[in-house]
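Given only the sequences and the hints, what does the whole structure look like? Please build it.
Everything in the sequence shown is counted per my numbering, starting at 60 for the first residue and increasing by one.
Among the clues, some could well be false.
Stated by the list, open to error - Pairwise CB distance ranges (calculated): (1) Thr-81 with Gly-220: 24 to 32 Å; (2) Ser-118 with Arg-193: 40 to 48 Å; (3) Ala-150 with Gln-84: 18 to 26 Å; (4) Arg-133 with Leu-211: 19 to 27 Å; (5) Val-107 with Arg-198: 30 to 38 Å; (6) Gln-84 with Ser-179: 35 to 43 Å.
These are computed hints drawn from the structure, not numbers from a lab. The beta-carbon is built from N, C-alpha and C at its ideal position, and this holds for glycine as well.
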Amino acid sequence: VQVSALFESLDRVDHLVICAGTVGQGAVVRSSVETLRGVIDQRLWGVVMAVRGAVPRMSGGGSITLTSGGLTSRPVAGRAMYVAVLAAVEALARGLAVELAPIRVNCIVPGAVATPLQGSRPEDLARLEQLGSRLPAGRVGTADDLAQVYLLAMTNGYLTGEVLHVDGGGRFV
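Now the structure itself:
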């Protein structure tokens with residue numbers, strides 16, 4: 060309801076970028092069904108509701124940029140539901156690129172990025188620095204690194220249906 064009300068208050072939407080989300084547990088066997096449904100509601104249904112609200116207000120030159128996560132390439136124990144839902148978001152971007160054309164739809168897959176979501180305590184920063192030293196890029200990403208890719212997805216009129224990994228090569232090591 061709140062998402063619908065937000066979009067109803069707008070006359071026009073040029074670009075929709077969905078990059079908010081949480082990281083939490085999602086172990087299929089150990090988590091409650093309510094927890095698992097919550098993962099789906101936030102990460103998949105939230106995207107669907109935002110798209111449904113924005114599209115009627117978009118022109119053919121508009122774009123939608125979704126966000127997935129590195130777990131799709133490198134799953135970790137205890138987060139299987141997140142892996143499944145993030146992979147669904149990637150597939151949804153490809154499907155929507157065809158379904159909503161000429162509106163362009165893409166998906167960004169960030170790797171390790173130094174943001175408040177990753178933590179700002181000294182031990183979190185040390186963990187990120189250690190992780191960055193193992194990446195082919197030699198460091199973790201920054202918000203600016205990601206912003207450049209989101210801008211590319213919004214402004215390149217020939218880019219649609221793509222899943223762009225911005226992970227410093229992390230899925231390869």
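Verification of the hints:
Between Thr-81 and Gly-220 the CB atoms are about 27 Å apart, so this pair conforms to the stated range of 24 to 32 Å. Roughly 44 Å separates the CB atoms of Ser-118 and Arg-193, a value that falls within the hinted 40 to 48 Å. Between Ala-150 and Gln-84 the CB atoms are about 23 Å apart, so this pair conforms to the stated range of 18 to 26 Å. The hint said 19 to 27 Å for the Cβ distance between Arg-133 and Leu-211, and at roughly 24 Å that hint holds.
A hinted range of 30 to 38 Å holds for the C-beta pair Val-107 and Arg-198, which are about 35 Å apart. As the Cβ distance of Gln-84 to Ser-179 is approximately 21 Å, the hint placing it in 35 to 43 Å is violated.
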